[in-house]
Amino acid sequence: MSQSGTITAPAAAGGTRPGVRWGSLAMLVLRSVFLVALFGIALASPGFLSTANLMAMMTSAAFVGCVAIGMTLITVGGNIMSFSLGATVSATTLVFVGALLAWGILPAILVSLLFGMLVALAQGLVIGWFGANPIVVSIAAFALIIGIAPWSTAGTSLFLPAGAGQEVLRGKLLGLPIEFILLIGLAVLGQFLLSFTVFGRNLLMVGSSRWAAEAAGIRAWRTVAGSYLWAGLFAAVAGMLLASRYSKGNMDYGATFDYDAITAVIVGGTAIQGGRGSILRTMIGVLVIEVTRVVLLLNGFRQEWQYLISGVIILSVILLQTTVARK
Amino acid sequence: MSAILSVDRISKSFGAVAALQDVSLTLQAGEIRALCGENGAGKSTLVKILMGIERPDTGSIAIDGTSVAIRSPSQAQALGLAQVAQELSVIPSLSVLDNIWLGSAQVPLLHRRRAFRQRAQDALARIGAGHYDLDRQAGTLSIGECQMVEIARLMVRDARVLILDEPTATLSDTEIEAIFAAVRALKAEGRSIIYITHRMGEVFSLCDSVSVFRNGRHIVTKPVDDVDRAGLIEMMLGRSFEDMYLCRQQGATGRPALAVENLGVPGVVHGFSMTVPRGRLVCIAGQVGSGAHTVLRALAGLELATGRVSVDDRPLRLNSAPRARAQGIHFISENRAAEGIFGRMSVADNVIATRLPAASRLGLLSWPRLRREAARLIRDAGVDERRLGSMIGDLSGGNQQKILFGRAIGQTPGVLLMNEPTRGVDVGARAEIYRLMRSFCEQGFGLVMTSTDLEEIVGVADIVLTIYRGRLIGRYEKEAITMNAILTDITHPPALTRNGINEAAAAS
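Protein chains in written order, with UniProt numbering: chain H, 1 to 327; chain U, 1 to 508.
Don't read these hints as lab results, they were simulated from the structure.
Treat the hints with caution; some may be incorrect.
Unchecked claim - Not the full set, but computed from the structure, chain H residues with beta-carbon under 7 Å of chain U: (1) P150; (2) V198; (3) R201; (4) M205; (5) S209; (6) W211; (7) A215; (8) G217; (9) R219; (10) G275; (11) R276; (12) E290.
Unchecked claim - FRET-style restraints, in silico, Cβ to Cβ: (13) T140/U with G40/H: 57 to 63 Å; (14) L28/H with A375/U: 25 to 31 Å; (15) Q273/H with P73/U: 24 to 30 Å; (16) P368/U with I184/H: 24 to 30 Å; (17) L114/H with A375/U: 42 to 48 Å; (18) F192/H with R229/U: 53 to 59 Å; (19) D225/U with Q273/H: 46 to 52 Å; (20) L25/H with T140/U: 45 to 51 Å; (21) L28/H with A85/U: 32 to 38 Å; (22) P368/U with G147/H: 46 to 52 Å.
Since the model is a prediction, treat every value here as computed from it, not as a measurement.
Glycine is no exception: its CB is placed at the ideal position from the N, C-alpha and C atoms.
Turn these sequences into a full structure, and let the hints steer you where they fit.
Right under this line is the structure:
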């Protein structure tokens, strides 16, 4: 899996600092061992390979996965993390249900996407233009969203009657959950943005060094705002999928998504300081946390354990990264 | 005199790369020793070994004739070896006093005792900085003052061998004088100094002896009286070296590439005007803080400025870097690490950073085209093509700078603005950078650079403008460009003449 940060593979010998190659090799070995162990345990867990379980996993991976794609873009652009994407997802479930009841499926999809994009874009502009701290802005946005959204839709949950049109966004395609197919599509889109568009390259540069990017004539604020715009779009998709799956809009749906998406981004190996990362790697991160969750569940551990384990995973990844970087 | 430090047959390899081979040196008490060599010659590896950051593969080190093994920085400190790092290690939020005692092994838990204040005060006084307020917050000090605090720190630790790594690279003349005085005071106390510098002038004016390194080997150590400038450069490069600077362009020029009228940056630059002809290199000479850097930053759209500027007779709207870029202004920052390179990206990514829109359609990139472009650019910039995939942070300062120049290669001739283009660049790469500048001149670019290195200015400039406290003082061309005239202007300018400009320059 290549970091999309560079055009060419690192030169075989040419001048890379000694220790770096060993460091990344050690990381690779550790990662592989971890993955093999995780999947070994998964396969040994009773019921892991059952169709029902696999289908359920794919579906729930899709919800977090969509958010994680946006989170990756934001992080690559040098803005560390957002704590408001989960709230955006939740609010979108309400917007989607409301719009669906009022106008039907197509307008509902459009309105939902627009809503997610606007909410995130507003944050992106504040961060990009005024140089505000991204974490603080996202926390403020989080509070605003959970404060305003239920009030404007008159309630923290809204129900969809059967046959309202939400069936389009659930069910199966080619024998797989439609959510999962969409996730793959969005991941490919995200990676494409990052690797093959001017926007994506600019985002990597702004994340690598905002001042160098500005001195080179890149409109950094616009690039940053763009990354939020896309993140909002991806979060809105997650919101629509959730609302369709459960025929309900609910402000609690996205509660843990920020945390899970951040875990996926970090486990995937996107640089926390920005400038490097890839959506495909984040998808591996999503897979890891999803499998971990299911394995714990199947083996009868309670939810607290899930938090504990993902905390341990994040910490060890960060410790590994910093020790390798220091080498 | 006796040898305080002797290094015997030290070698150190990183993987297959031999960073130091069989290096032996002795340093006497009270000696100021210059360490010269291109980047990658092995100077910093030697320093790291002395500071206990790296361990030698073979060889031994003796202090006062006793063989020692330096395993850690704290051990180096205990042995009396200390370094003033290139990146300053003064903590801005702490007081001068705290910074002086920072990291010292002697500090007890409660250290605001009178004796510690007194010793810190003493140390400062001995290097001519007795007037510093011990309780002042270090963040309010200038870079030069921070360096004095660092030197004082090494003195209270009673360092006997002090290593100074390019201490003057970012200082103004008066601050440089203060550092020199401090170094001489240290010498007078019998301490020894290892002084690393790329500036030839400092070797001859400050140091007693000079050790030249090349490709990881110690080439020679001589008293400075036994070498001359040209000889020293030849020893560093390992080949004869006729003229680092290329001869001046003569010949007529067409339209001006850049015209600046009444440029102002509040509090820094006042009513600065200049015309930059195509194919010429204009140097703005001024001390640190004179506003020279700010002039170029403002033209690049990175400072809020007022004034009338036109590029190629088209008016330029100020205060936007993207607009400046779009109108053909290329800017090379004085701060390469923060504002030049993208440190976590590859050489290829760095060189094509500014031409993505040109290699795309509807925002979609053409990778084959970008790859070809990147390869061509770094070849033209004079960097080994095999470096294309390396992280740019792994390259030497000179190669990084060439990559930044590479961004402008092959573009429609416009304006190239360079702040301190050879800072942190070794002698060999400097010559190549001057050559790159000339090739930009030949293509019809108008070039403007600032430099605090007067020798460089006199060597490369077609036209010299002097600036003092944000105001244009003089304009010189051809024979009128002399070190003396420039130095006078930028330190104690003559009273401004009627029109505000000291027209000492030859006509034309």
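Hint by hint, here is what the structure shows:
no., hint, result
1, P150, "violated, 38 Å"
2, V198, "holds, 5 Å"
3, R201, "holds, 5 Å"
4, M205, "holds, 5 Å"
5, S209, "holds, 5 Å"
6, W211, "holds, 5 Å"
7, A215, "holds, 5 Å"
8, G217, "holds, 3 Å"
9, R219, "holds, 5 Å"
10, G275, "holds, 4 Å"
11, R276, "holds, 6 Å"
12, E290, "violated, 29 Å"
13, T140/U with G40/H: 57 to 63 Å, "holds, 59 Å"
14, L28/H with A375/U: 25 to 31 Å, "holds, 28 Å"
15, Q273/H with P73/U: 24 to 30 Å, "holds, 26 Å"
16, P368/U with I184/H: 24 to 30 Å, "holds, 27 Å"
17, L114/H with A375/U: 42 to 48 Å, "holds, 43 Å"
18, F192/H with R229/U: 53 to 59 Å, "holds, 56 Å"
19, D225/U with Q273/H: 46 to 52 Å, "holds, 50 Å"
20, L25/H with T140/U: 45 to 51 Å, "holds, 46 Å"
21, L28/H with A85/U: 32 to 38 Å, "holds, 33 Å"
22, P368/U with G147/H: 46 to 52 Å, "holds, 51 Å"
Checked against the numbered hints given earlier, this structure breaks hints 1, 12; the rest are met.
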